[in-house]
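Assemble the whole structure, with the sequences as input and the hints as a guide.
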Amino acid sequence: MEDMVEQLCEKYTNLSKEEIGTIRMMANMLQPLSNLEDADIFIDCPLGDGDAIVVAEAKPSGVPSSYQNSVVGMLAKQENEPAVARTFKLGIPTKQMKALTQESMSVIQSVEPIKNGSKVIGVLIREKRLDDQYATSEKLHLSKSRFETVAHALTHMVDEENWLTECIEEALLLVNQEGYVVFRNTIAKELYQDVGYCEDVLGQKYDNICLTELDQIKKDGNNSFIETKVGKYTLSIRHIHLKKEEIAFAVIIRDITWMKEQEKELILKSVAIKEMHHRVKNNLQTIASLIRLQIRRSESEETKKVLEETMNRILAIAATHQLLAQSGVDEVSIGEVITNIKNNTVRYFAKPHFDITVTLQGDDFLVDSDVATSVALVINELLQNSLKYAFEEKEKGSIWITVKKGPLYSKIEVIDNGCGFDIENRKKDRLGLNIVKTLVKDKLHGSLELKSDTTGTKAIFDFLT
Numbered sequence: 001m002e003d004m005v006e007q008l009c010e011k012y013t014n015l016s017k018e019e020i021g022t023i024r025m026m027a028n029m030l031q032p033l034s035n036l037e038d039a040d041i042f043i044d045c046p047l048g049d050g051d052a053i054v055v056a057e058a059k060p061s062g063v064p065s066s067y068q069n070s071v072v073g074m075l076a077k078q079e080n081e082p083a084v085a086r087t088f089k090l091g092i093p094t095k096q097m098k099a100l101t102q103e104s105m106s107v108i109q110s111v112e113p114i115k116n117g118s119k120v121i122g123v124l125i126r127e128k129r130l131d132d133q134y135a136t137s138e139k140l141h142l143s144k145s146r147f148e149t150v151a152h153a154l155t156h157m158v159d160e161e162n163w164l165t166e167c168i169e170e171a172l173l174l175v176n177q178e179g180y181v182v183f184r185n186t187i188a189k190e191l192y193q194d195v196g197y198c199e200d201v202l203g204q205k206y207d208n209i210c211l212t213e214l215d216q217i218k219k220d221g222n223n224s225f226i227e228t229k230v231g232k233y234t235l236s237i238r239h240i241h242l243k244k245e246e247i248a249f250a251v252i253i254r255d256i257t258w259m260k261e262q263e264k265e266l267i268l269k270s271v272a273i274k275e276m277h278h279r280v281k282n283n284l285q286t287i288a289s290l291i292r293l294q295i296r297r298s299e300s301e302e303t304k305k306v307l308e309e310t311m312n313r314i315l316a317i318a319a320t321h322q323l324l325a326q327s328g329v330d331e332v333s334i335g336e337v338i339t340n341i342k343n344n345t346v347r348y349f350a351k352p353h354f355d356i357t358v359t360l361q362g363d364d365f366l367v368d369s370d371v372a373t374s375v376a377l378v379i380n381e382l383l384q385n386s387l388k389y390a391f392e393e394k395e396k397g398s399i400w401i402t403v404k405k406g407p408l409y410s411k412i413e414v415i416d417n418g419c420g421f422d423i424e425n426r427k428k429d430r431l432g433l434n435i436v437k438t439l440v441k442d443k444l445h446g447s448l449e450l451k452s453d454t455t456g457t458k459a460i461f462d463f464l465t
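Here the sequence shown is numbered in UniProt numbering, starting from 1 and rising by one per residue.
Hints are computed from structural coordinates only; laboratory data are not their basis. Treat the hints with care, since some could be wrong.
Taking lysine to aspartate or glutamate and the DMTMM-like style, the derived pairs with C-alpha atoms no more than 20 Å apart in a straight line are [claimed, not checked]:
| id | residue 1 | residue 2 |
| --- | --- | --- |
| 1 | 274 | 331 |
| 2 | 388 | 302 |
| 3 | 77 | 38 |
| 4 | 189 | 255 |
| 5 | 269 | 330 |
| 6 | 89 | 19 |
| 7 | 264 | 49 |
Printed below as a string of structure tokens:
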């Protein structure tokens, strides 16, 4: 047994030679203890991830063991053995808690820490079958007069308002000056049963059922919330010190397991959304790169022009997906979307030696990915139109993009001070204007207004937000 203990500790734990020696010494005493207690006895040592490994065992000679086979070298998962997890975490004994063995049998565990100084290097576990008669746990046997005294102290706190303690969603315990639980509501009883305690916590020493470190309670002081993990449950625990003769403090325990699971799901969804938008952005940029190569190889100016417009539309969508990938959620700032489109469009379509200023102003707010992509394409087309045609007879000019947030519909204006154009007769770039009209009507569920004269062009569209 000694060699097996040493091998397992050296292979799976971070214990020192001295600490392993202590575990070996304890292992030599397991069999007499098992026979004396008529119980299975184990030593578990901690792994780095919160679980433990069984390094030694002893089965009783006088009664049947709960185990068919040896479990030495097997994993002891914290969700299956909450008493072991509690003692490892708090460094204090844990009495009479339910556990699930490696052979999927329900047992009752009592656990004692094995320490080297203040460090918990292992735990000594006493196990009996759940259906066996096990030792009665420590209870407070109060006399009738004692109970009457406590009841009197709680008259205004509990008895007259007992309905209130049963209505709240939190578990409630009241602990007296001697450290015993003298009241618990139904939620508390059920919660402790869920985390593995077999007996009712009423009347038990609070030190034996405390679910967090006692030193941490003293450190955090009054009204502090302490978050702790007990098996598969995540609990938020609050200790409130009371100025009552008989009652030392109250304990409020809230099960926040569901909330924590939802947080994890949101994080996973956020990662998935980021990855999705990142891949879409990469694919679109790859397509844009292929089009760029084709532009360089093309000898036709008309073909180059069409390909450049197509490439810029693809890059407008890619820029939106890049922002969505960075945010990790399916919403993005409308200001960031328009800024990216503005910069890209000016880079590709502003004419050399022309002094064109593009200004973004107005409100900024979040929009979902579908709205962001459609707005990006509309802004891209309108900016392209202004940069290509508005300043043919000028060497300088300005374009203003104004965003106005509304309660139901928001509005974006794209205005330039160029030379204007005949909207009805313009046949060039019909595709661009048709794209704008289609997107505004079908995707943004809004309306488009175009005005143009010799003082410039104004495009106004609204969209549902």
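Status of the hints after comparison with the structure:
1. At roughly 11 Å between alpha-carbon atoms, residue 274 and residue 331 fall within 20 Å of each other, so this suggested pair holds.
2. Proposed proximity of residue 388 and residue 302 is supported: the alpha carbons are some 14 Å apart, at most 20 Å.
3. For the given pair, residue 77 sits about 24 Å from residue 38 by alpha-carbon distance, which is inconsistent with the 20 Å threshold.
4. In summary, the hint linking residue 189 to residue 255 is supported, as the alpha carbons are separated by about 13 Å, within the 20 Å threshold.
5. Taking the CA atoms of residue 269 and residue 330, the gap is near 10 Å; set against the 20 Å cutoff, the hint holds.
6. Restraint check: the Cα-Cα separation between residue 89 and residue 19 comes to about 18 Å, which is no more than 20 Å; the hinted pair holds.
7. Annotation: proposed proximity of residue 264 to residue 49 holds, straight-line Cα distance about 18 Å (limit 20 Å).
Of the hints listed earlier, the one the structure fails to meet is number 3.
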